[in-house]
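Engineer: Line by line, the protein sequences are chains Y, W and A.
For the working numbering, count along the first sequence from 1 and bump the result up by 7.
For the working numbering, count along the second sequence from 1 and bump the result up by 18.
For the working numbering, count along the third sequence from 1 and bump the result up by 18.
Among the hints, a few may not be true.
What the hints assert, rightly or not - According to the in silico footprint, chain W covers these stretches of chain A (three or more CB under 8 Å from chain W):
# : region
1 : 38–45
2 : 63–77
3 : 88–98
4 : 107–116
Treat the hints as calculated values from the structure; they're not laboratory data.
We put the CB at the ideal spot given by N, CA and C, even for glycine.
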Amino acid sequence: MTTSFEPSAVEGFGTVAGFVVALDGFTGPLDLLLHLVREEQIDIADIPIARVADQFLAAIHVLGLNQAADYLEMAGRLIRLKVQMLMPRGGDDDSWEDPRAELVRRLLEYQQIKEIAQWMSGQAERRALRLARGYLPPPPELPPLPLTLDIMDLLVAVERVITNIPSPVLHRVITRPLDVEGAVRRIETLLEARGEFNWREAFSANPTIVEVLSVLLALLELARRGICRLRQEASFGPLVIARESASTVVAAH
Amino acid sequence: MNPLPPLSQLIEAALFASNRPLTLDELEGLEPEATPAEFRTALDQLREQYEFAGHAVEIVELAGGYQILTRAAFAAAVERAHAMQRQPRLSAATLETLATIAYRQPVGRAEIEEIRGVNAGGVLRTLQERGLIEVVGRGEGLGRPLLYGTTPLFLELLGLRDITDLPRAEELTIALQPHKVEPDDAADGALASVEEG
Amino acid sequence: MNPLPPLSQLIEAALFASNRPLTLDELEGLEPEATPAEFRTALDQLREQYEFAGHAVEIVELAGGYQILTRAAFAAAVERAHAMQRQPRLSAATLETLATIAYRQPVGRAEIEEIRGVNAGGVLRTLQERGLIEVVGRGEGLGRPLLYGTTPLFLELLGLRDITDLPRAEELTIALQPHKVEPDDAADGALASVEEG
Numbered sequence: 008m009t010t011s012f013e014p015s016a017v018e019g020f021g022t023v024a025g026f027v028v029a030l031d032g033f034t035g036p037l038d039l040l041l042h043l044v045r046e047e048q049i050d051i052a053d054i055p056i057a058r059v060a061d062q063f064l065a066a067i068h069v070l071g072l073n074q075a076a077d078y079l080e081m082a083g084r085l086i087r088l089k090v091q092m093l094m095p096r097g098g099d100d101d102s103w104e105d106p107r108a109e110l111v112r113r114l115l116e117y118q119q120i121k122e123i124a125q126w127m128s129g130q131a132e133r134r135a136l137r138l139a140r141g142y143l144p145p146p147p148e149l150p151p152l153p154l155t156l157d158i159m160d161l162l163v164a165v166e167r168v169i170t171n172i173p174s175p176v177l178h179r180v181i182t183r184p185l186d187v188e189g190a191v192r193r194i195e196t197l198l199e200a201r202g203e204f205n206w207r208e209a210f211s212a213n214p215t216i217v218e219v220l221s222v223l224l225a226l227l228e229l230a231r232r233g234i235c236r237l238r239q240e241a242s243f244g245p246l247v248i249a250r251e252s253a254s255t256v257v258a259a260h
Numbered sequence: 019m020n021p022l023p024p025l026s027q028l029i030e031a032a033l034f035a036s037n038r039p040l041t042l043d044e045l046e047g048l049e050p051e052a053t054p055a056e057f058r059t060a061l062d063q064l065r066e067q068y069e070f071a072g073h074a075v076e077i078v079e080l081a082g083g084y085q086i087l088t089r090a091a092f093a094a095a096v097e098r099a100h101a102m103q104r105q106p107r108l109s110a111a112t113l114e115t116l117a118t119i120a121y122r123q124p125v126g127r128a129e130i131e132e133i134r135g136v137n138a139g140g141v142l143r144t145l146q147e148r149g150l151i152e153v154v155g156r157g158e159g160l161g162r163p164l165l166y167g168t169t170p171l172f173l174e175l176l177g178l179r180d181i182t183d184l185p186r187a188e189e190l191t192i193a194l195q196p197h198k199v200e201p202d203d204a205a206d207g208a209l210a211s212v213e214e215g
Numbered sequence: 019m020n021p022l023p024p025l026s027q028l029i030e031a032a033l034f035a036s037n038r039p040l041t042l043d044e045l046e047g048l049e050p051e052a053t054p055a056e057f058r059t060a061l062d063q064l065r066e067q068y069e070f071a072g073h074a075v076e077i078v079e080l081a082g083g084y085q086i087l088t089r090a091a092f093a094a095a096v097e098r099a100h101a102m103q104r105q106p107r108l109s110a111a112t113l114e115t116l117a118t119i120a121y122r123q124p125v126g127r128a129e130i131e132e133i134r135g136v137n138a139g140g141v142l143r144t145l146q147e148r149g150l151i152e153v154v155g156r157g158e159g160l161g162r163p164l165l166y167g168t169t170p171l172f173l174e175l176l177g178l179r180d181i182t183d184l185p186r187a188e189e190l191t192i193a194l195q196p197h198k199v200e201p202d203d204a205a206d207g208a209l210a211s212v213e214e215g
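Construct all of the structure, not just a fragment, from the sequences and the given hints.
Structural biologist: What follows is the structure, encoded as structure tokens:
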């Protein structure tokens, strides 16, 4: 069909922003705000900001949206408005500019967009009932058409890419190279001084995982080289590291 | 009814071999000898043939071109017979973004985000990769932002002949009020009056 | 000739919309009330309709099923329709990948995907097939990834003498990088940056 969409890899990317839509049915803070206004049957031009702000905060908390930047930004605006509404008006009432005006304008505008979106959705449904040709004969073997490409297209594309470079995901693995060399030096020093020691003594008071791994690899390496011997008195018990004499290198394996 | 004339046959063959609308310009390439008027007549003859013989398909004017589509009445039966697959629906977020672009085009990302109140990066990308919107120019001001517009595929998706088939602003419950958003001060609410425009 | 009976219409809609031949069994799913004999009659009526009205298409029995195909005599028109549909322009996704490679070359697939946030496999293949990019070497590190660069054809199409003629090369090459994760714990010293590609 004409409008058949390949499931694009973008979908996965889009879910970062799109989870809001999928999880709770609101497409954004304005959608949620409009919902609250409608539910309360409030005159959109005279929104009781204090009440709506509280409801908004409660709603994003309940919906678990209080981590989403777009919702937090709106929450901030509402709180600011709430404060502004409490400020003494000063002077005559005629010159007072309603601090809610901008919000009202945005809500009305957004309401329109929703209305158009709804119309478009119906239109797309009607269109989808009319099927296009499903089978297309394989394309003939023709020499490829001369490609048109110009430098403006390319520049526009580069900047689009730059604008859209995804923010790093939270669980991205950070490369933290293991410092095996350093651990080897530390252990060698300890062996020199003590001859035998508990492996906990090979690292600092609050070791990072990286440090633990570094020490572990260093120990294995030193044992392999026959410089130390690793001993565990009981299963899951502490590891004891002892200096190895040159004559017992083979046993260390 | 007379058998189809050769030019109508050519048009039928080409339209059958395409899954997108072909413009009159494109169709005219089928027979360099024929005039645009002859093509129009041939198209009408094909259209009438489909109608009078009671075919399940018809010629539809779409996105500035012509396409053969089945009549809506048969979709349910065809779907029941698993002869086709239904398209995934567009999400609400996608539709809202499309609506914003359709009415404000050419429009930049900042304005779209201001109108919808959410980050638009992901949706814009999806729409672009699906070919429903494209960059149509650059705006004035800081960084000369990219401006987006809808594509012919967008019209196809909605079954529109052209962009003027969209409901006019006056037909909406609330009239659209064009206004300019300065990307940065919007947050601090330069107060705009609702009455303007 | 009489107008097409309802069963023939259903069959026409299904065969038109299907991307493969449909068996008689499948066609019968269109109308559970009708018998196989009735379906066969309806198919014949459709076939005759195409023939007598001189349509450019016909019903063909193929791979155990039925399909509407363009008559051989109209192959040229079909080819033209295909040619019309071939886009001489690159899609937005393809262009973005090409641009990324142009400014970051030599660059591996992983980095391209990191910058664009999407899988690049299909697009890389397209670009290679179109002769716009090529493998220019292998990177360091795990699996020694293939590195891509642009071809002389790319320069030719853009009218550039060499790659250093790309506008704003320095600035864009720097801007065109994946966002780096800030090390979350600078105090622990053992952290190294993710940089150097």
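Engineer: If a hint holds in the structure, say so; if it doesn't, say that too.
Structural biologist: Each hint tested on the structure:
Counting residues of the region 38–45 of chain A whose beta carbon lies closer than 8 Å to any beta carbon of chain W gives 3, which reaches the threshold of three, so the coverage claim holds. With a threshold of 8 Å between beta carbons, the proposed coverage of the region 63–77 of chain A by chain W holds, since 7 of its residues qualify and at least three are required. For the region 88–98 of chain A, the assignment as covered by chain W holds, since 6 residues bring a beta-carbon within under 8 Å of that chain's beta-carbons and 3 suffice. Evaluation of the coverage hint for the region 107–116 of chain A: fulfilled, as 3 residues show C-beta separations to chain W shorter than 8 Å, against a requirement of three.
When each numbered hint is compared with the structure, no violation occurs for any of them.
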